[in-house]
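Student: One letter stands for each residue in the lines below.
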Amino acid sequence: MGTIVMPKALMRRRSDDEQLLYASILEVGVYLGLVVLLVTFALYVSGAVAPSVPLRELPGYWHLSVHDYLEATNVEHLHHEHVITGWAWISVIGKGDYLNFLGIVLLAGVTIVCYLGIIPTLARKHDRVYATMAAIEVLVLTLAASGVLAVGH
Amino acid sequence: MSWVVRGPWRWGVGIAVGIAALWLVLWVGSSEAWAVQQAAITGAPVTAWWIWPVALLVLTFVMGILAALGGVGGGVLFVPIVSGFFPFHLDFVRGCGLLVALSGALAAGPGFLKMNLASLRLAIPVALIASACAIFGAMIGLALPTNVVQTALGATILGIVVIMMVARKSEFPDVREADHLSSILRIHGVYREASLGQTIDWKIHRTIPGLLLFVVIGVMAGMFGLGAGWANVPVLNLVMGAPLKVSVATSKFLLSITDTSAAWVYLNQGCVIPMMVVPSLVGIMLGSFIGVRLLRTAKPRVVRHVVIGLLLFSGAKAITKGLGLPFFF
Numbered sequence: 001m002g003t004i005v006m007p008k009a010l011m012r013r014r015s016d017d018e019q020l021l022y023a024s025i026l027e028v029g030v031y032l033g034l035v036v037l038l039v040t041f042a043l044y045v046s047g048a049v050a051p052s053v054p055l056r057e058l059p060g061y062w063h064l065s066v067h068d069y070l071e072a073t074n075v076e077h078l079h080h081e082h083v084i085t086g087w088a089w090i091s092v093i094g095k096g097d098y099l100n101f102l103g104i105v106l107l108a109g110v111t112i113v114c115y116l117g118i119i120p121t122l123a124r125k126h127d128r129v130y131a132t133m134a135a136i137e138v139l140v141l142t143l144a145a146s147g148v149l150a151v152g153h
Numbered sequence: 001m002s003w004v005v006r007g008p009w010r011w012g013v014g015i016a017v018g019i020a021a022l023w024l025v026l027w028v029g030s031s032e033a034w035a036v037q038q039a040a041i042t043g044a045p046v047t048a049w050w051i052w053p054v055a056l057l058v059l060t061f062v063m064g065i066l067a068a069l070g071g072v073g074g075g076v077l078f079v080p081i082v083s084g085f086f087p088f089h090l091d092f093v094r095g096c097g098l099l100v101a102l103s104g105a106l107a108a109g110p111g112f113l114k115m116n117l118a119s120l121r122l123a124i125p126v127a128l129i130a131s132a133c134a135i136f137g138a139m140i141g142l143a144l145p146t147n148v149v150q151t152a153l154g155a156t157i158l159g160i161v162v163i164m165m166v167a168r169k170s171e172f173p174d175v176r177e178a179d180h181l182s183s184i185l186r187i188h189g190v191y192r193e194a195s196l197g198q199t200i201d202w203k204i205h206r207t208i209p210g211l212l213l214f215v216v217i218g219v220m221a222g223m224f225g226l227g228a229g230w231a232n233v234p235v236l237n238l239v240m241g242a243p244l245k246v247s248v249a250t251s252k253f254l255l256s257i258t259d260t261s262a263a264w265v266y267l268n269q270g271c272v273i274p275m276m277v278v279p280s281l282v283g284i285m286l287g288s289f290i291g292v293r294l295l296r297t298a299k300p301r302v303v304r305h306v307v308i309g310l311l312l313f314s315g316a317k318a319i320t321k322g323l324g325l326p327f328f329f
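As given, the protein sequences belong to chains X and R, one line each in that order.
The opening position of the first sequence corresponds to residue 1 in the numbering used here, with each subsequent residue numbered one higher.
The opening position of the second sequence corresponds to residue 1 in the numbering used here, with each subsequent residue numbered one higher.
Honestly, I wouldn't trust all of these hints.
Below, simulated DSS-like cross-link-like pairs (lysine-lysine); rule was C-alpha separation at most 25 Å, straight line [claimed, not checked]: (1) R:LYS203 with X:LYS125; (2) R:LYS203 with R:LYS169; (3) R:LYS114 with R:LYS203; (4) R:LYS114 with X:LYS125.
Which residues of chain R face chain X? A few of them, derived with a C-beta cut under 8 Å, are [claimed, not checked]: (5) ASN147; (6) GLY159; (7) VAL162; (8) TRP264; (9) MET275.
These stretches of chain X come out as covered by chain R in the derived footprint (C-beta under 8 Å, 3 or more residues) [as the list claims (entries may be wrong)]: (10) 87-101; (11) 125-138.
Treat the hints as calculated values from the structure; they're not laboratory data.
Virtual Cβ for every residue (Gly too), placed ideally from N, Cα, C.
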């Protein structure tokens, strides 16, 4: 039984499948993220959705380190039990400034979706090494996104 | 008689206007930063809030043009300049810088992938190493005292200037034989080189040393909030032997993965102020859009010198700020 030799051009076409799929998912995600970012920012700046920190008072805080900023804005405006870090922004999404996190999170999360999208294609092509690397990348990015990795000064 | 400046003068006038706008914003920024510090001491009212987003929008617009023309990412200009001359704390500037570099990379990614200029097979192993290391870099950067990070940032920016001045570029590096690892991983490709009207086959070598260098690049990108195009391109092109266009496109695409991991760490720590992020993203994207259109008629050497000058200036400012020394500006 002879070996079927695949033409070089066809081989390359096949290797492009996951690349084109990745590009398509990325394109949709970026447009969606940017639209959400601009809309939520417009709602925030226009005052349609009231922010946690009034715009006029913002310059009084942003020279502080992130630790001091979160403490000060929480004590003076948010009055939460804990400062807003990690995914806690979801609990204050009704505030105009935190509403903007939706678009930012979409932009920061689209790469994970792209990787998840190409894993089945790689697996179907029996490209185990790349499917494994893509799965590990999803784990790495999910770990970063989870908020488990806490640090501080 | 037309008022429009034509010919070679157009570029001189354009760059002069750009630098003047940049200087104006930096001057305003510097004065206002001082005013905010004084206000904090004396309890006097702080300047109108909107001046900052507007200043950032103008600054990042000019940066976007210069970055596109000078062949650098937005983050490498954004972090040292904004941290040096604006009142925002370095924590927020790094978070914002990462998002600026990330959004530029995300926007460019689909086009480069579809044109087959960025290679997913080359990017996946490199990104895995760089993104994991960028997380550690971000954690180190957030754990260290601000003045230490600011000083190290300044030293890094001056190092980038040296790399930009001495690193040669090779359009089509001579890779006689793909190395063992890249052969196993089937990292090779083909793209259409429009300027030559030819289809270029490429492969890479020295894969292991190249991957090891991305450990360092990932840590630095996360630590300082810089996009790392300044380091990605030389490693992909000169060390691993990818053609220059493939290196530039894959580097830009890589940032969308590397910066994502570091951006999440900053985001989860709360280092994101939307009033900084959104004007910066809009400014840099509009500037890049104009910059790419100007690229056809630009004089790259002149723009490159302007970018190097800006980096020298902001690197020196970062070091003096970190060390608490006076700066002439």
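Student: It remains to establish, for every hint, whether it holds in the given structure.
Tutor: Going through the hints against the structure:
1. Between LYS203 of chain R and LYS125 of chain X the alpha-carbon distance is near 21 Å, which keeps this suggested pair within the 25 Å criterion.
2. The suggested pairing of LYS203 of chain R with LYS169 of chain R holds, with an alpha-carbon distance near 17 Å, which does not exceed 25 Å.
3. Annotation: proposed proximity of LYS114 of chain R to LYS203 of chain R holds, straight-line Cα distance about 19 Å (limit 25 Å).
4. A hinted pair counts as satisfied when its Cα atoms are at most 25 Å apart, and LYS114 of chain R with LYS125 of chain X qualifies at roughly 20 Å.
5. Because the beta carbon of ASN147 of chain R sits about 11 Å from the nearest beta carbon in chain X, more than 8 Å, this interface hint is broken.
6. A cut of 8 Å between beta carbons decides the hint on GLY159 of chain R: the least distance to chain X is about 25 Å, and the hint is violated.
7. The restraint placing VAL162 of chain R at the interface with chain X is violated, with a minimum CB-CB distance near 30 Å, outside the 8 Å limit.
8. For TRP264 of chain R, the interface hint holds, the least distance from its beta-carbon to any beta-carbon of chain X being 4 Å, beneath 8 Å.
9. Hint status for MET275 of chain R relative to chain X: holds, with the closest Cβ pair at about 6 Å, below 8 Å.
10. As drawn, the region 87-101 of chain X meets chain R at 4 residues by the rule of a beta-carbon pair under 8 Å; at three or more, the given contact holds.
11. With 6 residues bearing a CB less than 8 Å from a CB of chain R, the region 125-138 of chain X meets the requirement of three and the coverage assertion stands.
The structure fails to meet hints 5, 6, 7 from the earlier list, while all remaining hints are met.
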